[in-house]
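Participant: Each chain is listed here by its residues.
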Amino acid sequence: MTSPLLETRDLTLAYGAFHAVDGVGLCIQPGTIHSVIGPNGAGKTSLFHCLTGERRISGGQILFDGRDITRRPAHGRVALGMARSFQITSLFQNLSVRENLRLAAQGTAGWRALDFWRRLDSHRRHAATADEMLERLALTARAELPAGTLSHGQQRILEVGMAICARPRLLLLDEPTSGMGVDDIPTMTRLIAELGRDHTVLLIEHNMSIVMSISDTITVMNRGQILVEGTPQAVREDARVRTAYLGEAA
Amino acid sequence: MLNVYLFQILNGLGLGMIYFLISVGLTLIFGLLNFVNFAHGAFFLLGSYLCYTTVTLTGNFWLSLLLAPLAVGLLAWLLERSLIRRIYHLPHTFQILVTLGIALIIQEVSIMLWGPVGKSVPTPELLRGIVRLGHFAYPQYRLFLIGFAALVAVALWLLLERTRFGALVRAGSESTETVSLLGTNIFRLFSITFALGVALAGLAGVLSAPLRGANPFLGPEILGVAFVVVVIGGMGSFGGALAAGLMVGVVQSLMASLWPQGSSLMIYAAMAVVILLRPYGLFGRA
Amino acid sequence: MNPKLTTPARGDSRPANAIFRRRPAATTLAMLAVVIALPLVVPSATLACEILIFAMAVLGCNLLLGYTGLLSFGQAIFFGSGAYVAALAMIHWQVGLFTALLLAAAAGGLLALLVGALAIRRTGIYFVMLTLALTQMAYFIAYTLSDWTGGDNGLLDVPRPPVAIGGFTLFDLESPLAFYGLVAVLFVFLYLGARRVIDSAFGSTLLAIRENEARAAAVGYDTRHFKILAFALSGAVTGLAGALYAMLLNFAPLSNIELPMSEQILIMTIIGGTGSLFGSLLGAGTIVILGDLLSALWPRWMLLLGVALIAVVMFMRGGLWGGLESLGRRRAGAARKTQEDA
Ligand SMILES: Nc1ncnc2c1ncn2[C@@H]1O[C@H](COP(=O)(O)OP(=O)(O)OP(=O)(O)O)[C@@H](O)[C@H]1O
Ligand SMILES: [Mg+2]
Numbered sequence: 000m001t002s003p004l005l006e007t008r009d010l011t012l013a014y015g016a017f018h019a020v021d022g023v024g025l026c027i028q029p030g031t032i033h034s035v036i037g038p039n040g041a042g043k044t045s046l047f048h049c050l051t052g053e054r055r056i057s058g059g060q061i062l063f064d065g066r067d068i069t070r071r072p073a074h075g076r077v078a079l080g081m082a083r084s085f086q087i088t089s090l091f092q093n094l095s096v097r098e099n100l101r102l103a104a105q106g107t108a109g110w111r112a113l114d115f116w117r118r119l120d121s122h123r124r125h126a127a128t129a130d131e132m133l134e135r136l137a138l139t140a141r142a143e144l145p146a147g148t149l150s151h152g153q154q155r156i157l158e159v160g161m162a163i164c165a166r167p168r169l170l171l172l173d174e175p176t177s178g179m180g181v182d183d184i185p186t187m188t189r190l191i192a193e194l195g196r197d198h199t200v201l202l203i204e205h206n207m208s209i210v211m212s213i214s215d216t217i218t219v220m221n222r223g224q225i226l227v228e229g230t231p232q233a234v235r236e237d238a239r240v241r242t243a244y245l246g247e248a249a
Numbered sequence: 000m001l002n003v004y005l006f007q008i009l010n011g012l013g014l015g016m017i018y019f020l021i022s023v024g025l026t027l028i029f030g031l032l033n034f035v036n037f038a039h040g041a042f043f044l045l046g047s048y049l050c051y052t053t054v055t056l057t058g059n060f061w062l063s064l065l066l067a068p069l070a071v072g073l074l075a076w077l078l079e080r081s082l083i084r085r086i087y088h089l090p091h092t093f094q095i096l097v098t099l100g101i102a103l104i105i106q107e108v109s110i111m112l113w114g115p116v117g118k119s120v121p122t123p124e125l126l127r128g129i130v131r132l133g134h135f136a137y138p139q140y141r142l143f144l145i146g147f148a149a150l151v152a153v154a155l156w157l158l159l160e161r162t163r164f165g166a167l168v169r170a171g172s173e174s175t176e177t178v179s180l181l182g183t184n185i186f187r188l189f190s191i192t193f194a195l196g197v198a199l200a201g202l203a204g205v206l207s208a209p210l211r212g213a214n215p216f217l218g219p220e221i222l223g224v225a226f227v228v229v230v231i232g233g234m235g236s237f238g239g240a241l242a243a244g245l246m247v248g249v250v251q252s253l254m255a256s257l258w259p260q261g262s263s264l265m266i267y268a269a270m271a272v273v274i275l276l277r278p279y280g281l282f283g284r285a
Numbered sequence: 000m001n002p003k004l005t006t007p008a009r010g011d012s013r014p015a016n017a018i019f020r021r022r023p024a025a026t027t028l029a030m031l032a033v034v035i036a037l038p039l040v041v042p043s044a045t046l047a048c049e050i051l052i053f054a055m056a057v058l059g060c061n062l063l064l065g066y067t068g069l070l071s072f073g074q075a076i077f078f079g080s081g082a083y084v085a086a087l088a089m090i091h092w093q094v095g096l097f098t099a100l101l102l103a104a105a106a107g108g109l110l111a112l113l114v115g116a117l118a119i120r121r122t123g124i125y126f127v128m129l130t131l132a133l134t135q136m137a138y139f140i141a142y143t144l145s146d147w148t149g150g151d152n153g154l155l156d157v158p159r160p161p162v163a164i165g166g167f168t169l170f171d172l173e174s175p176l177a178f179y180g181l182v183a184v185l186f187v188f189l190y191l192g193a194r195r196v197i198d199s200a201f202g203s204t205l206l207a208i209r210e211n212e213a214r215a216a217a218v219g220y221d222t223r224h225f226k227i228l229a230f231a232l233s234g235a236v237t238g239l240a241g242a243l244y245a246m247l248l249n250f251a252p253l254s255n256i257e258l259p260m261s262e263q264i265l266i267m268t269i270i271g272g273t274g275s276l277f278g279s280l281l282g283a284g285t286i287v288i289l290g291d292l293l294s295a296l297w298p299r300w301m302l303l304l305g306v307a308l309i310a311v312v313m314f315m316r317g318g319l320w321g322g323l324e325s326l327g328r329r330r331a332g333a334a335r336k337t338q339e340d341a
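Chains as they are written, first to last, in numbering that gives the first Met the number 0: chain A, 0 to 249; chain B, 0 to 285; chain C, 0 to 341.
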């Protein structure tokens with residue numbers, strides 16, 4: 000077996016006395032699409048916040064490619080090759096779609112982004128990445144519009160596109176289809192499946208048909224803990240998963 | 000020698016209580032309305048001036064202690080209804096700019112009404128004497144100041160902790176929606192809280208008038224001190240404002256006997272050190 | 000908190016860069032025209048100097064407020080210390096013009112680095128409060144060091160050295176018009192420099208931070224570094240402006256480093272138009288000229304500034320530049336319409 004790209008040990012995130020993430024041990028194999036599912040409030044987004052450094056964890060350890068990144072700030076983890084999209088769309092609303100993507104690409108430039116004298120033309124690479132991404136997301140026609148004027152579905156696609164622009168080794172997508180209309184969902188599904196070819200993907204998703212069709216491994220979370228982990232087939236047949244979801248619904 | 004320090008510590012407590020009254024108003028408004036009032040220092044100086052005018056006209060300090068905060072609160076209430084409430088939805092930057100405009104207007108109008116030179120306010124006759132404790136002598140007014148401000152603090156605490164109004168304010172500071180759901184007119188609660196917070200600044204202005212007089216250019220200094228207190232004590236916290244207010248007052252007072260020119264400087268230096276060591280203040284959480 | 004009450008009104012803040020991306024050359028030409036015409040139009044060359052000096056300070060403030068979204072009440076620290084450092088260096092070390100200006104810029108930049116590094120440890124309103132408190136602190140330091148700064152009396156007899164190279168005098172700056180020449184050249188350079196900074200990778204990132212700091216951090220930027228560098232650049236420009244102001248007045252008053260100076264620079268920035276370099280010129284020009292006209296007639300004219308500030312926030316958030324722009328847009332729209340009709 001290859002060594003995991005991302006590994007957590009006993010990861011815990013507490014909001015006061017409440018443990019949103021409670022002793023999670025996760026293991027992501029490189030080159031796979033790994034999904035995290037679970038009822039509302041299970042702690043999936045909180046888990047992402049821990050992995051990307053958005054929140055400071057209360058306990059445990061995070062290893063990326065064998066390196067301890069537990070104390071690394073969010074921007075430092077991007078530099079190592081992690082990038083994420085947000086469940087609640089978070090764009091540069093008043094900047095153009097192209098600029099959103101270009102800024103996301105430039106985010107990996109580290110100190111070079113502090114260059115305050117040379118014109119942007121001297122950093123062509125990021126603009127090229129943005130143009131490529133515009134094509135791939137089918138947003139070229141809207142490239143110059145402010146991101147805030149896109150339709151909801153297009154904003155979700157841009158949200159994911161910004162994460163890809165960093166060319167990360169591990170891509171973390173938090174419910175990319177959330178709030179999308181049925182018309183847009185196939186585009187997103189295709190996009191994610193394609194991503195699986197070049198990146199390792201950690202995916203939070205409520206849409207079961209997407210999860211079951213593209214995942215290599217599925218982790219089911221409930222109340223901050225891992226309930227079940229396995230192949231789509233195994234998870235589908237697990238009784239505990241059904242009770243977790245039904246219990247929530249009842 | 001020890002008496003000097005005791006004297007300065009008592010002075011510091013008095014000063015600290017004034018700082019507390021200013022900051023708790025600021026904090027109360029911020030907690031519920033999520034609104035930053037940069038005109039707070041201006042309302043303080045308005046309190047001082049109204050005290051001056053009342054004392055000059057009637058010779059009665061006690062009347063001014065009642066009237067000036069009421070008048071300042073009323074002005075705040077009117078301002079809230081006409082202007083402030085229109086900017087709650089704007090980013091903080093814009094709120095700050097509007098209240099900065101209000102502060103400028105109050106300052107300039109004060110100069111128009113009372114002139115550019117500060118006015119001194121006599122100590123009320125009843126409290127002109129000194130209190131003796133063995134060898135130790137202390138001005139009556141300063142003792143009164145500590146006691147009276149402490150009473151106000153207790154009353155305010157009871158208001159916030161033991162009344163329906165207080166419960167609404169506290170609930171509203173957590174989530175305004177909850178309060179709206181309770182069927183309370185949230186805008187009325189906002190107006191009253193804004194007026195109350197500003198009236199506290201006015202009251203602080205009255206209490207400090209016999210000590211420092213009324214000066215049109217006091218606003219920025221007061222605002223600066225209030226910010227030091229809330230940066231150290233945390234916004235939205237009654238206890239933090241009290242502890243930090245007293246601390247700042249005592250530090251400033253003690254420094255005044257050691258290094259007179261540097262006493263004001265010291266409180267800012269103290270704030271800088273606190274921010275370096277504990278960015279979220281002495282009592283704050285990350 | 001109720002999201003309705005706290006979310007910024009998105010639609011209100013226009014993409015500040017869009018304007019200039021469209022026609023930067025036109026605004027640069029307009030700026031040059033104003034700089035050339037200014038001493039002919041305003042009553043005195045001294046007044047023209049004052050306008051450009053404050054316009055420089057506003058450029059610095061705009062970099063923070065307009066492009067990074069940082070509302071700093073600390074600008075007086077950099078302005079005042081620039082004035083003091085240049086004046087002291089000229090008085091005690093007899094340094095020349097350019098050395099004095101460089102020292103002032105360095106002092107302003109360095110102090111801004113410190114102030115920025117300290118203040119950005121907190122965000123939002125705490126950040127703003129910290130900048131204000133630090134200005135108070137700087138004021139008290141200047142007040143306490145009265146042996147150096149002259150305290151309340153200010154620092155008198157600040158020289159205005161000639162433009163000299165290697166001890167050889169090229170220009171004398173004693174006449175106001177000659178001094179205006181120097182100020183104008185410096186202003187044009189700073190303006191073009193600011194343009195470059197804004198068009199750089201760094202500048203584009205500042206806009207991202209202003210728009211959505213959390214996302215900027217999430218895509219990999221260490222936003223602290225950007226904010227501190229923005230502070231340092233802003234402080235350097237503002238310090239330079241302070242030094243020129245001291246040379247203009249032959250005097251460095253304590254009021255340079257007082258909170259009202261920060262407020263004045265901020266008000267000029269907002270009235271001119273945040274996020275617009277040309278607006279810096281508009282804002283400084285309007286307020287300086289207004290002050291000159293009104294202060295003699297009515298000493299309480301600052302009252303109007305308070306009213307104007309409120310009015311701008313309530314009705315014209317783009318400031319004068321924004322107003323001009325929407326006027327232009329409406330004109331263009333009308334013209335297009337008549338063309339289509341025809
Ligand atoms: N900032 C916070 N403070 C306190 N509690 C929080 C905070 N953020 C999240 N929580 C709580 O933590 C729990 C986990 O939330 P999280 O957003 O991780 O769930 P999730 O699995 O992503 O749910 P969903 O499917 O709805 O997105 C929830 O009960 C939530 O209320
Ligand atoms: Mg979630």
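Mixed in with the good hints there might be a few duds.
Just some of the chain B residues that point at chain C, by a computed CB distance under 7 Å [stated by the list, open to error]:
hint : residue
1    : Val-151
2    : Val-153
3    : Leu-181
4    : Asn-184
5    : Gly-223
6    : Tyr-267
7    : Ala-269
8    : Val-272
9    : Leu-276
Covered stretches of chain C, as calculated for chain B (at least 3 residues, CB under 8 Å) [claimed, not checked]:
hint : segment
10   : 107 to 121
11   : 125 to 132
12   : 290 to 302
The set of hints was computed from the structure by calculation and includes no laboratory data. Every residue gets a Cβ at the ideal spot worked out from N, C-alpha and C, and that includes glycine.
Participant: Each hint needs a verdict: does it hold in this structure or not?
Facilitator: Status of the hints after comparison with the structure:
1. Val-151: At 24 Å from the nearest chain C Cβ, Val-151 of chain B fails the 7 Å test, so the hint is violated.
2. Val-153: violated (27 Å)
3. Leu-181: Given a least distance of 14 Å, the restraint on Leu-181 of chain B is violated.
4. Asn-184: At about 14 Å, which exceeds the 7 Å cut-off, the nearest Cβ of chain C leaves the hint on Asn-184 of chain B violated.
5. Gly-223: holds (4 Å)
6. Tyr-267: holds (3 Å)
7. Ala-269: violated (10 Å)
8. Val-272: violated (10 Å)
9. Leu-276: Interface hint status for Leu-276 of chain B: violated (10 Å vs cutoff 7 Å).
10. 107 to 121: Holds, because 3 residues of the segment 107 to 121 of chain C bring their Cβ atoms closer than 8 Å to Cβ atoms of chain B.
11. 125 to 132: With 6 residues close enough to chain B, the hint holds.
12. 290 to 302: holds (count 3)
Consistency note: the structure conflicts with the earlier hints numbered 1, 2, 3, 4, 7, 8 and 9.
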